[in-house]
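Residue-level listing of the chains:
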Amino acid sequence: MNSQSNAMLYDKVLKITNVYLGPAADRFMSRQIQNHLNKEPNELTEKDLVSLIVWIKVSVSLLTEDSGIVDEYITKLNELANAKTPTKS
Amino acid sequence: MAKILIVEDDKDLNNAYCIILKSEGHEVVGAFDGKEALAAVESFSPDLILLDLLMPVMGGLEFLQKYDLINKHPEVKVLIFTNMENSPEVTKSYDLGAHRCIIKSWTAPHNLARVIEDTLNNKASSPATTA
Amino acid sequence: MSDAQSGPDNTNQLIVEKQAEMEALFTSIGDGAITTDEFGKITRINPKARQILGFSEKEMIGGWFPNKIVAVNDQDKIINMIDRPITKAFLTGKTISEKCIYRTKKGKLVPVNLSVSPILVDSKPLGAIQVFRDITLEEEVDRMKSEFISLASHQLRTPLSSIKTYSHMLIEGYMGDVNKDQQKSLRTIIGATNRMNELISTLLNITRMESGTIRVSLKTINAKTLVDEVIEELNLLANERSIEINNLSGKYQLDVIRTDPLLLKEILINLMTNGIKYTPENGKISLTVKQTTEHITFCVADSGWGIPEDVQNQIFSKFFRAKNIVKRETTGTGLGLYLVKGLVDALEGRIWFKSKPKHGTKFYVEIPNGKNQH
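Residue numbers (the numbering used here), protein chains in the order written: chain A, -19 to 69; chain X, 411 to 541; chain Y, 73 to 446.
Source of the hints: derived by calculation from the structure; they are not laboratory data. Incorrect hints may appear among the rest.
Listed next, the in silico SDA-like pairs over lysine to any residue satisfying Cα-Cα at most 25 Å (straight line) [said to hold, decoys possible]:
id, chain 1, residue 1, chain 2, residue 2
1, X, K445, Y, T230
2, X, K502, Y, R215
3, A, K56, Y, S195
4, Y, K160, A, N(-2)
5, Y, K113, A, T25
6, X, K432, Y, L242
7, Y, K166, A, M(-12)
8, Y, K362, X, D528
9, A, K(-5), Y, G165
10, Y, K256, X, I429
11, Y, K171, A, K56
Working from the sequences, and respecting the hints, build out all of it.
If you want it as structure tokens, here you go:
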């Protein structure tokens, strides 16, 4: 996984998150990546995103009461995280 | 030479400041509390007021409010002269238009004269009302 | 009865007993305790929490935490959820301990110290647990302490002001000429008064610093004028030790700054006084000021005894005095630099120094110009 594609992944995550959190998206997401993964945002991988989603879910659940919106947001992140699922032999 | 009003409840200090400032050539009037100060400014229009905060009868903040420094006397300079630095009263006095605060027990007479000179010549600081 | 027959019943009973135990544990916590699930809904609230907030269990359980537990600042403005400790606990995965203000059912504001942690099972967050304590009484005591300190310092300083003012007036000839012996006695009185003043200021500010009540009152000031006044105050002390003070504050062009002039003055007076005290007679001290677009830096340089290298990392510690100083000057408290560091922090600045034994010391204090502060 090269750093360019990692950076693109973060951009995609941010694009989705912007829709739900607005200007706070970058601060919200970068803090999670730094604190839970000990990485910079541009180092985020699909595998990292999978492990991060549980934390994103509990945090976002404090920012909106609408569980439908939370589910919608998390579903989109899951799709992004599983977009490059390795094929099993 | 300027007209200076000293508002200080400690009679010894009030007397001392009068002597010091008169020897610098200023015209000086003393008042022992805010109420006396309000009466004094009716007939004596000071260029500068040396104002203590903690006084009986009427304190420095109440005097400043009633005197309405910002709206009615914007040309008058007010020096807060207190021993209570870092207190909410000092901050409030800035909001009411006071120019600066000096700590009494830190300030020797020659420095007092100098600080007053600087304030009259507008050297020390900007008035609290400017943004 | 065989183990197989008694197994499920015993297990069920054990589960019931354990649940009752957990419930009793939660209920017995002496501080307020609240748990939430992964959706931010309140799952448990103990009696102490209900007492502090004024809500019943029924009003709370199942409710969304941000709606039910309202946090405000001291102007009663609601704090955004993204800035609240529980959200930070999830963002960081760590326990967050902070002071907060909660709004009770009746609209009263209650200051609390709280600690909130994610509840983890197999490293996955299932919710959060928060424990908090009403600190209204502690805050009241702090307020009273602060008021007492202000009043006590005022009471102590009033007679000192008279002693200082009249001694200076005598020595400066306001009451007529004084002979050399009288001058010497007066300088002794002034010196002692200044030491008392210094001690009162130091104790007062350290108490404030340690109880977190240092107040920063911003004013736009001319830094050079402030420096001139500081040096004017210290001329007498410097003259007593035949120490030359070089005021180099006019060397560079300076723009006005926005800071707390009294705190800045206290910092500079402390550093200059140290410089004078710890420099041999006939030595030199200088004060230079430089400014960038963001910061202003004051440098106090002396030709004194310097700070031994092996203790340089302790120089800002409370009560610390280097051995080479204690031998020569016994009246210091070891509080001066500890206080200076605290005041510099209050002004959001930084302090550092360069020193070599027998070659003097340079202290640097850098603070923001403060142009954007209100």
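Query - Hints that the structure is at odds with (numbers, increasing) - result: Failing hints, ascending: 5, 7, 11.
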